[in-house]
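Novice: Chains as they are written, first to last, in the working numbering: chain A, 1 to 201; chain B, 1 to 172.
The set of hints was computed from the structure by calculation and includes no laboratory data. Do not rely on the hints blindly, as some may be mistaken.
[To be verified] Simulated crosslink set (DSS-like; lysine-lysine; CA at most 25 Å straight-line):
1) K16/B - K191/A
2) K51/B - K16/B
3) K156/B - K191/A
4) K188/A - K156/B
5) K156/B - K51/B
6) K156/B - K16/B
7) K156/B - K146/B
8) K146/B - K16/B
What follows is the residue order along each chain.
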Amino acid sequence: MSAAATFRRLDALQAVYSRLENRIVVTIMGAVAAELQSIGHRPNFFYLQHAMGLASSMGLGIALSRPERQVVVFDGDGSILMNLGGLTTLARYRPRNLVHVVFDNESLLSVGGFPTATATGSDIAGIAAAAGVPRTATARTLDEFTRAFDEALAAGQLTTIVAKVEAVGPSAYVTGLSLLENRFEFQKYLKSTRAPRAAES
Amino acid sequence: MPVSTANSRLIYDALKACGVRLVSALPETWLVHLMRMAEDDPEMILVRLAKEEEGVGISAGAHLAGVQSAMLMQNHGFLASINGIVSCAQLYRIPLLMLISYRGEFGERDPWQTEGGGVTEDLLRALRIPFSYLDHSDHVARRIAKGQTLAASSNKPVALLLCRDLMWEEAS
Chain A
1 MSAAATFRRL
11 DALQAVYSRL
21 ENRIVVTIMG
31 AVAAELQSIG
41 HRPNFFYLQH
51 AMGLASSMGL
61 GIALSRPERQ
71 VVVFDGDGSI
81 LMNLGGLTTL
91 ARYRPRNLVH
101 VVFDNESLLS
111 VGGFPTATAT
121 GSDIAGIAAA
131 AGVPRTATAR
141 TLDEFTRAFD
151 EALAAGQLTT
161 IVAKVEAVGP
171 SAYVTGLSLL
181 ENRFEFQKYL
191 KSTRAPRAAE
201 S
Chain B
1 MPVSTANSRL
11 IYDALKACGV
21 RLVSALPETW
31 LVHLMRMAED
41 DPEMILVRLA
51 KEEEGVGISA
61 GAHLAGVQSA
71 MLMQNHGFLA
81 SINGIVSCAQ
91 LYRIPLLMLI
101 SYRGEFGERD
111 PWQTEGGGVT
121 EDLLRALRIP
131 FSYLDHSDHV
141 ARRIAKGQTL
151 AASSNKPVAL
161 LLCRDLMWEE
171 AS
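Please build the complete structure, drawing on both the sequences and the hints.
Specialist: This is the structure:
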């Protein structure tokens, strides 16, 4: 069992929000998506509102396709536990432009708070490191998280940051942004910022 | 190995010709030549997976980022990908070009492949995924091009079943 978390996911998102302005952001469903939207939606943010586990794979697909852009994935413990094999794929290709944040509240909060395996000791940063992710960190305070995030952005190496956050979330998960509106707006944003011949050079 | 190199080349060249620049794959006997071709091609990004469902996410990301992709998998990999296909690709209208080796059909000698073969087409129909067969070299290029066209115009998954008659050279 880990020590009690001292910060909220919403605090973490607010702390780094300004860094997300010019980066490509992919989040998982539920609380992460709703909280990021509550701070402020941007066209460079995509919220994968289902397909648990695949946000990190989407981030990999974007990072490999757009090596000139930095990609941030906001993942969760329940989601990454569904796609642990994907960590080995991330590590295998280790895109230098991908920062993978896992908000670990040790529970499946949006479906009743049932504990995940991280509540009984499974260590996602350890699993990521053992999978071959070149940089990993575990943040237990907001300051640690912000520092780890900024260091990862500056490092230019695939990094998985596990943020041990409190198991609290928003009161509602459905937001005013429709799934397909988000999807097409995000695609349009990526197209509009595409460097000439970037994907094929 | 009696997997057809020539027909694998036809498939690979057809993928290139319709603009595919990223291929995700999990090794399976019938796919070995295709994977080597992707690996040897500096214009192609090959992503080797731990499990096929990851490929749905990778293709979704690539598509939104402006890169055309294809997935190479066995039909059991398709079975393993279904949640991702439904809750990522179909929910978000992502075109997926899925090349699925059709194990377990007529001529299959491996007993362990036979259950998957029996449910593959029914599952594709249940998911309303349009599919066609690659079973002869004459129509490989045309069907792949048409499949890619439909995937792109519909923003939905499309499947091509790689059949024994095309992929395996020994009479069986």
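Novice: Run every hint past the structure and note whether it holds.
Specialist: Results for each hint:
1. K16/B - K191/A: holds (21 Å)
2. K51/B - K16/B: holds (24 Å)
3. K156/B - K191/A: Distance ~19 Å between K156/B and K191/A Cα, so the pair holds.
4. K188/A - K156/B: Within the cut-off at roughly 18 Å; holds.
5. K156/B - K51/B: holds (21 Å)
6. K156/B - K16/B: holds (20 Å)
7. K156/B - K146/B: Answer holds: K156/B to K146/B is near 13 Å, not above 25 Å.
8. K146/B - K16/B: holds (14 Å)
When held up to the earlier numbered hints, the structure conflicts with none and fits them all.
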